[in-house]
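Here my numbering is used: position 88 in the sequence shown is 88, and no number is missing along the way.
These are computed hints drawn from the structure, not numbers from a lab. For each residue, glycine too, the CB sits at the ideal point set by N, CA and C. There's no promise every hint is true.
Stated by the list, open to error - Here are the in silico distance ranges between beta carbons for each label pair:
#1 Thr37 <-> Pro76: 46 to 52 Å
#2 Val45 <-> Arg9: 31 to 37 Å
#3 Tyr40 <-> Ile75: 20 to 26 Å
#4 Leu32 <-> Asp67: 51 to 57 Å
#5 Leu78 <-> Ser46: 48 to 54 Å
#6 Ile75 <-> Leu42: 34 to 40 Å
#7 Ala36 <-> Arg9: 34 to 40 Å
#8 Leu69 <-> Arg9: 38 to 44 Å
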Amino acid sequence: MSTLCRTRRLIMKYCGLEYSKTFHLDAALLCLMVPATVLYSLAAVSNAWFALPPHSFYGLWSVKFCDVLQTCQIIPALFSDEPEKPLFLL
């Protein structure tokens, strides 16, 4: 059994679909794209959850670091670390 065939069966199993030779992989991938789109939309709308005022802002695509003098740097989120919990929340 080829890898593509095993992948197709696995995707259809998790989507709750039955296997048939005429089934197109596009339909199974669409089954996975709908929840992914919903989750991405929620993450894009909820950027306010990542704000740590007044010195930094953690967004989906970029991170803005500001020092005490309000000199700010914007870097891609890929190159930044996830913020740790502030001490007062421990």
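Q: Could you see if the CB distance from Leu69 to Arg9 stays within 38 to 44 Å?
A: violated (59 Å)
Q. When you take the CB atoms of Ala36 and Arg9, is the distance between them in 34 to 40 Å?
A. Once the Cβ atoms are compared, 20 Å apart, the range 34 to 40 Å for Arg9 and Ala36 is violated.
Q. Does 46 to 52 Å hold as the CB distance between Thr37 and Pro76, or does it fail?
A. Violated, at about 23 Å.
Q | Leu32 paired with Asp67, Cβ distance criterion 51 to 57 Å | A | Violated, since Leu32 and Asp67 (Cβ atoms, about 43 Å apart) do not stay within the stated range.
**Q.** Ser46 and Leu78 - C-beta distance against the hinted 48 to 54 Å
**A.** Hint violated: Cβ distance 19 Å, outside 48 to 54 Å.
Q: Given the hint of 20 to 26 Å, check if Tyr40 and Ile75 actually sit that far apart at their C-beta atoms.
A: Given about 21 Å between the Cβ atoms, the range holds.
Q) Can the suggested window of 34 to 40 Å be confirmed for the beta-carbon pair Ile75 and Leu42? A) violated (24 Å)
Q) Does the Cβ distance between Val45 and Arg9 fall inside 31 to 37 Å? A) holds (35 Å)
Hints 1, 4, 5, 6, 7, 8 from the earlier list are contradicted by this structure; the remaining hints agree with it.
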